[in-house]
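Trainee: So the chains spell out like this:
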Amino acid sequence: SQTIHQWPATLVQPVGSPLSLECTVEGTSNPNLYWYRQAAGRGLQLLFYSVGIGQISSEVPQNLSASRPQDRQFILSSKKLLLSDSGFYLCAWSPRLTGGLTNYGYTFGSGTRLTVV
Amino acid sequence: DAKTTQPNSMESNEEEPVHLPCNHSTISGTDYIHWYRQLPSQGPEYVIHGLTSNVNNRMASLAIAEDRKSSTLILHRATLRDAAVYYCILPGSARQLTFGSGTQLTVLP
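Protein sequences appear in the order of chains B and H.
Mapping the first sequence onto my numbering, position 61 (from 1) lands on 73, and the numbers just tick up by one.
Mapping the second sequence onto my numbering, position 82 (from 1) lands on 953, and the numbers just tick up by one.
For the record, the hints were derived by calculation from the structure and aren't laboratory data.
Some hints here could point you the wrong way.
As the list claims (entries may be wrong) - What follows is a list of derived Cβ distance ranges for each label pair: (1) ASN884(H) x THR127(B): 34 to 42 Å; (2) THR15(B) x ASN927(H): 39 to 47 Å; (3) GLU886(H) x VAL72(B): 28 to 36 Å; (4) ARG125(B) x ARG952(H): 19 to 27 Å.
What the hints assert, rightly or not - With the C-beta cut set under 8 Å, the calculated list includes, among others, these residues of chain B facing chain H: (5) LEU58; (6) PRO81; (7) SER122.
Glycine included, every Cβ here is placed at the ideal spot set by N, Cα and C.
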């Protein structure tokens with residue numbers, strides 16, 4: 013069965029420090045991968061998505077970047093964190109499908125709660 | 872990408888059915904309708920999805936209007952654990968999910 017791992021679960025970082033959040037998927041190949049953020053009391057915002065190794069699409073200009081060095085690995089990074097980067101970060105995956113039909117559900121990781129102080 | 876409209880909040884009594892509506896008047900012929908829910912402090916959880924026909928699974932049922940411009944998520948017997956924010960989503964061209972504000976479901980004991 014497919015599983016998605018995301019770590020760490022919680023993180024407290026000072027302003028200006030770097031960030032690296034990792035997400036890996038097991039039990040599937042060629043997944044679409046996504047990074048979302050949810051600020052306190054707000055909705056989920058799509059940050060990045062990837063349809064293949066080295067292919068990253070950014071939805072919103074951010075102090076963040078994403079990379080996909082391996083097929084089932086998705087990394088969210090920042091060189092210098094801002095207070096506004098605090099939030100609940102979620103990784104998700106969906107099967108790579110042909111024909112453009114989204115007839116499979118998406119699976120989310122358990123999330124990383126980041127607090128920038 | 873097609874957008875959806877949901878009520879901000881709904882209430883239900885425990886062990887009664889709940890009907891959560893969603894309007895998606897700009898849906899295209901190939902858009903699947905997805906429903907997810909998010910419990911407090913957790914990531915979204917897949918509930919159900921469908922294209923044209925009504926769908927059932929162990930969690931819920933999805934009733935899709937004949938013109939596909941609206942759908943209803945049906946929880947047959949609400950429990951306290953069903954209290955969550957429910958999202959109705961039409962995945963984008965790159966199959967990305969764009970979350971709106973969803974419907975906050977409160978289940979009363």
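Trainee: I'd like to know which numbered hints this structure contradicts. Please list them from smallest to largest.
Mentor: 2, 3, 6
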